[in-house]
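Number of protein chains: 4
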Amino acid sequence: MESLFATERLRSLLPRIQEFVETELYPLESTENLTQNFSKIEPTLLEKRKRVKEAGLWGLHLPVADGGLDLTLCEFGQISEVLARSPFGHFVFNTQAPDIGNTELLHKYAPAHLKEKYLKPLMAGEIRSCFSMTEPEFAGSNPTRMGTLAVKEGDDYIIDGHKWFTSSADGAAFIIVMAVTNPEASKYKQASQILVPMDAPGVTLVRNIPIMGHAGDSWASHAEMRYENVRVPQTNLIGPEGAGFLLAQERLGPGRIHHCMRFIGIAERSFDLMCRYAATRELEAGTLLGDKQFIQGFIADSRAEIDAARLLVLRTARHIDEQGAAAVRDEISMIKFFTANMMLRVVDRAIQIHGALGVTSDILLSYWYTHERAARIYDGADEVHKAALARNILKSYGLDTRRK
Amino acid sequence: MESLFATERLRSLLPRIQEFVETELYPLESTENLTQNFSKIEPTLLEKRKRVKEAGLWGLHLPVADGGLDLTLCEFGQISEVLARSPFGHFVFNTQAPDIGNTELLHKYAPAHLKEKYLKPLMAGEIRSCFSMTEPEFAGSNPTRMGTLAVKEGDDYIIDGHKWFTSSADGAAFIIVMAVTNPEASKYKQASQILVPMDAPGVTLVRNIPIMGHAGDSWASHAEMRYENVRVPQTNLIGPEGAGFLLAQERLGPGRIHHCMRFIGIAERSFDLMCRYAATRELEAGTLLGDKQFIQGFIADSRAEIDAARLLVLRTARHIDEQGAAAVRDEISMIKFFTANMMLRVVDRAIQIHGALGVTSDILLSYWYTHERAARIYDGADEVHKAALARNILKSYGLDTRRK
Amino acid sequence: MESLFATERLRSLLPRIQEFVETELYPLESTENLTQNFSKIEPTLLEKRKRVKEAGLWGLHLPVADGGLDLTLCEFGQISEVLARSPFGHFVFNTQAPDIGNTELLHKYAPAHLKEKYLKPLMAGEIRSCFSMTEPEFAGSNPTRMGTLAVKEGDDYIIDGHKWFTSSADGAAFIIVMAVTNPEASKYKQASQILVPMDAPGVTLVRNIPIMGHAGDSWASHAEMRYENVRVPQTNLIGPEGAGFLLAQERLGPGRIHHCMRFIGIAERSFDLMCRYAATRELEAGTLLGDKQFIQGFIADSRAEIDAARLLVLRTARHIDEQGAAAVRDEISMIKFFTANMMLRVVDRAIQIHGALGVTSDILLSYWYTHERAARIYDGADEVHKAALARNILKSYGLDTRRK
Amino acid sequence: MESLFATERLRSLLPRIQEFVETELYPLESTENLTQNFSKIEPTLLEKRKRVKEAGLWGLHLPVADGGLDLTLCEFGQISEVLARSPFGHFVFNTQAPDIGNTELLHKYAPAHLKEKYLKPLMAGEIRSCFSMTEPEFAGSNPTRMGTLAVKEGDDYIIDGHKWFTSSADGAAFIIVMAVTNPEASKYKQASQILVPMDAPGVTLVRNIPIMGHAGDSWASHAEMRYENVRVPQTNLIGPEGAGFLLAQERLGPGRIHHCMRFIGIAERSFDLMCRYAATRELEAGTLLGDKQFIQGFIADSRAEIDAARLLVLRTARHIDEQGAAAVRDEISMIKFFTANMMLRVVDRAIQIHGALGVTSDILLSYWYTHERAARIYDGADEVHKAALARNILKSYGLDTRRK
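Protein chains in written order, with UniProt numbering: chain U, 1 to 404; chain S, 1 to 404; chain Y, 1 to 404; chain B, 1 to 404.
Hints in this document: simulated from the structure, not taken from any laboratory.
There may be inaccurate statements among the hints.
[Claimed, not checked] Derived SDA-like pairs: lysine to any residue, alpha-carbon spacing no greater than 20 Å straight-line:
1. K292/B <-> F138/Y
2. K50/Y <-> K120/Y
3. K292/B <-> K292/S
4. K48/Y <-> L34/Y
5. K395/S <-> A185/B
6. K48/U <-> S30/U
7. K40/S <-> D199/U
8. K189/U <-> E116/S
9. K404/U <-> L288/S
10. K120/S <-> E29/S
11. K187/Y <-> E135/Y
12. K292/S <-> F138/U
[As the list claims (entries may be wrong)] Computed footprint of chain B on chain S, listed as stretches where at least three residues anywhere in the stretch have a Cβ under 8 Å from a Cβ of chain B:
13. 266–278
14. 286–293
15. 296–303
16. 311–324
17. 376–390
Don't be surprised by glycine CBs; every beta carbon is placed ideally from N, CA and C.
The task is simple: from the sequences and hints, build the whole structure.
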């Protein structure tokens, strides 16, 4: 724990969570579990969720009223890191994306009838959900361009569109769909977020998109979706009409803390694996991997880079707690690209240290190498964040790079 | 084609091969073919082999006596690059590792009866083979440490041992096993290479090791093997007894040219994909990816790095042709780490340019991202090659880093 | 100011110091002042020191008893950053190395007569001092190897030796010399620190060593020194005999915070220069440097890296305040290489953005490019710190890399 | 020598030149000569020029008619590398920039009277010259923007303008000035090159610009120039009016080969210095620098990168010889940024290996660290070349990034 960001409750909570992760979840990291589809291990994980509840650790991300702890973002971030040391941690604690984001969203913006019907079971871990925004026809780096339309007809919206990277749609009970409701508005006010039940007629999960060779399934999948003449009542609108981007933006602030702390957990675990291996793998009689400076260099660089990234992210989390996400947008851009790149470097070094073993699924590293490459792409590619950060900085120097 | 290394026959041959690869093999790069096991596409590829033969392009790596062209290594390297632009190229032309290496080996060192029984059908593409050296219990960076033993009993060897990363064992007709025959000899003269039929009693393919989440099968797999009391006649010895490392070393010189030129083919194709996408993907009305300097930087750096690596590798190939591999060991070390790292950077940039599409199996890049990460590990990890290269250089400055 | 590390007094102090630096010192950055020897600008700077005193800002690094503020290391570090934005800041505030380190040292360990004679005028800025440790004959990365001897004769030490990189010896009133007094002791207990007046017979300043083409002079110089039969009373010993390394070590903890915060000040100022230029330099009609993504990338990366490094250093400073330097040696190693490399990258990017102007002495950047390259070498080269950090980490994993 | 590019005459010539450089010029690398102004060592170098003539090595860059050898660019490039291993090599062989470029220019484009008066003594090494293009008011990355005007009056041009980075103006006999003669023409056809005697009234050498702290003098200087009402006859025009950029472009092709081969010479010499030091510097009893993997990594990476860059540059040189510079503009862009960055990395590693010694002027490295940082800026900054290269590549993919 970083003492700068420690709190009383973290001091008691974190070790308990860490112990749970180490004793209950690390043993699940078998070759089999790291290679087969998620649905195979899902029953086991659902069993583990019971233990989480028994241990009184359920609902870490929730307000007190919902059985949670009202943790600050900075506190939750530190928990998130510990959960991320296992690929199953977030799911077992029901704090997995995209459900955690949808939980926050529904909490703040959903009408009561949706809360009752969807939020409650979501918080209980009885259903899953997804978020449907990205479209294959338009560059993800420019989310305001969107082809999906929601047209009013009577009391309903009729939704038509084509999406992909709708993560965890497979098996989800509902979808938050981002669709253009106000095509005549200015470009940031055209879209709305609408809750669509997965079983609504016209909703088609075209396929789980194969990523790095795996289509995956259930929670661990990324769907291509078609919405054809899908009819939902207008009361399924989340927040005000036209506020789709505003809400997405709001979601992204804390969302990036979640992601970044997850990256740090992954990096920290990879670091642990590299050190363990370096300290025990013999190269020749009496010489261990860790005796070699090349390996020492990997270790030293990784240690410094992880620590630096963690401080950067937790500072931002605290600032969001204190000032709101809008006030620290630059920091949020900064942590995204800095941390994602750091994590991928650390994972890569850990693989290299493990040699042939490193690329196998006998050890965790290749799981992250494949599943987390997208970290530099989703929620804003490196290039998008760097340009945005520089743009804001240059504005303070009097240059509006968007003046044209 | 790099004019410095062009030859008359290459000028006629390369365009034909390139056309074959583009028209016959590129269309096979469907999402399905990039994700399913190799055995599913194998029948199609075997059909393609017939077309290769019809086109008179079979046996590119073979001596004239065996229906080949006696190409120099430098010539064949350039063909290898073109074949590597498709993940199926080498297999379709029967020049895939490890068969190409075994072909060379048997040619030079196998007794006539083994040539008749194994080399002939291997050259004809009727059987496949594998090479069994690496052991999980010992660091791959130090190949002289080995637990597999071949003990003489009567006219036979009795082989016992445990290997892994025996690539393409699944479906192979025979194995070249590296085993200690002379435990009392100096460490580089203890091992021998022995041909073992796959169906010999005591040979067990324990599993195809899952790599990056995939066990794969058939040619595209990497097996863990057990040899328990496996009996083969001593006439199955390849080359002299105790010459195992010498032969392995000899194999590695040209083998690294093959690998490196394959890396360059992969990089070149990834470069082509990144440019195509950059030139056509719209970010917003009127602005394409390629208009952005970040993307331009990826393109420019990649172009320079690929060209530099190709020149380095072809220079080395020519030197091997002229002086033999032993004379240019430093160059061989150099190209291995330089080219593998270059290729992985280019593939990574190409993924980044493609955004979310880049990590999917709808496009070729993630195939290489996962299958080729091991390029920095097998046949000598980066660190091993760098240390070896520096050691030789420092020797010429009067420092023997192994003096202790 | 980083709010995590802000304190009440910093909130009032820092803006005043910053204003002083900006209004009094930035105007001194003429081409002339950046190229001529330090002695030329020294009188001006000594005038500025009077203003510092008038403004009540003198003695920031001192205890209350000596007219200072008893600032914590973490507080002083933040001041140090602001001072470092000008190449003259530290000198004008009398907090320049090596005097600040010698001040701390004499405070803690000097006998009263030395404090009276040397510490008092040092704190008053009336004299300067230097520290003589590194020897050309021995690798700086292994400070325990040392040829300088101090042999007892009567009540005196007779010192003989050859040193270099005795920074600021030119014009200094005294030298703290590290010399072997106990050659029979274990290697970390052989040396002692002894105060030697600059005018002691046998002390020769051989030359100010030309660094990057400049020998420099006065405070801004690095001397080669000869000590030949130099006689000083044994009461000139600082701390206990044989404690030379212990004291040096103690000095290095806070010393590295000083250096690292200085690096951050340099990086921050370079960042400011790059942004100013990017926001105003026209490339063609209507297009400014800052409109280019390459430049934006430099800006974004620099912003993230500076922030990360500052958090890392200030965390360490706080830990030293709380736990002492010995408890956080790993962190101290970490910040040294991480911050020095970051600073040099940022300076380099700032130069690149300025084009031809960047390499001239019409702007500050080349001053730092040349004067600060040594940041990756002195006080422990990158490689030394990385190896030390990894060694300690691996120890916690059970591997003692020094076991042999 | 790279055997791919060896020729008969190189085989005899190169060793002689290398021996001359090593025996005549290496001994000049004293601390004094590396720090004092060029004019101090100039007499010694002019003496060395006599030895060059005696050795029959004068005029390596000249046509046969002028006493040269008509070397190809590819041959001369290899000589250039060897000369560059000493900071004095090019000057001593009279092949230094900008004179070599002016020699080529006058040869091809000057009227007879200028050849007689200026080219002859230039080739004889009796006078020096300079080239005045860059202007402080306009970004060097866009050379078509220019404020210097040459207006016709009677038979003369009247030139007014402000330039800087007019290298080697100090002591030069004449200047080739780039000035706008045709302001109404399209932007690439506005400027002309005009020969201006240094002593023409109105020509002022404002100052030698301090670079990295040094103004330098004589050949080793970079002047700021004012042209005020400077009158020269129109017969001083070089080439056709309006052809200024065309000629500059033509100059840049071979010019970049010269620069890049010089970079390679610098890198190769730095490599030699790092290996020598690594092989002999003791860290502790029995352990040398070169025993450390960090150092080995520096050596191995440098070896590979230098070789790769040399092949890239010599390939381009040969292509220019065969096809002309216009045909391989992409390659010329590529080698410029690739080689300049490589050289600076190698120099930096060599400094790091030397520790404190590395930043001093007791050894050659810091000379290059400071004098060659501009390599990534002049003759096209990295960013300009990368964008240009990518632009051309993307054009072949159907995207005209300049379409707007």
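- Query: Regarding the pair K120/S and E29/S, is the alpha-carbon distance no greater than 20 Å?
  - Reply: violated (31 Å)
- Query: Does K292/B pair with K292/S here, judged by a C-alpha cut-off of 20 Å?
  - Reply: violated (42 Å)
- Confirm or reject the coverage of the stretch 296–303 of chain S by chain B under the rule of 3 or more residues with a beta carbon closer than 8 Å to the chain's beta carbons. With 6 residues in contact (Cβ-Cβ under 8 Å with chain B), the coverage given for the stretch 296–303 of chain S holds.
- Take a quick look at whether K189/U and E116/S sit within 20 Å of each other, Cα to Cα. violated (76 Å)
- Item | 8 Å C-beta criterion, at least three residues: is the stretch 266–278 of chain S covered by chain B | With 3 residues in contact (Cβ-Cβ under 8 Å with chain B), the coverage given for the stretch 266–278 of chain S holds.
- Message: Against the 20 Å threshold, does the CA-CA distance of K40/S and D199/U hold or violate the hint?
- Response: violated (34 Å)
- Taking 8 Å as the C-beta cutoff, is the stated coverage of the stretch 286–293 of chain S by chain B satisfied by three or more residues? holds (count 5)
- Would the pair K50/Y and K120/Y pass a check requiring their Cα atoms to be no farther apart than 20 Å? Answer holds: K50/Y to K120/Y is near 17 Å, not above 20 Å.
- Item | Given hint L288/S paired with K404/U - CA-CA distance at most 20 Å | holds (17 Å)
- Holds or violated: K395/S with A185/B, Cα cutoff 20 Å? Violated, at about 62 Å.
- Decide if the proposed pair is consistent with the structure: K48/Y and L34/Y, CA atoms, cutoff 20 Å inclusive. This hinted pair holds, its Cα atoms lying about 17 Å apart.
- Does the alpha-carbon distance linking K292/S and F138/U stay inside the 20 Å limit? Roughly 17 Å between the alpha carbons, so the hint for K292/S and F138/U holds.
Consistency note: the structure conflicts with the earlier hints numbered 3, 5, 7, 8 and 10.
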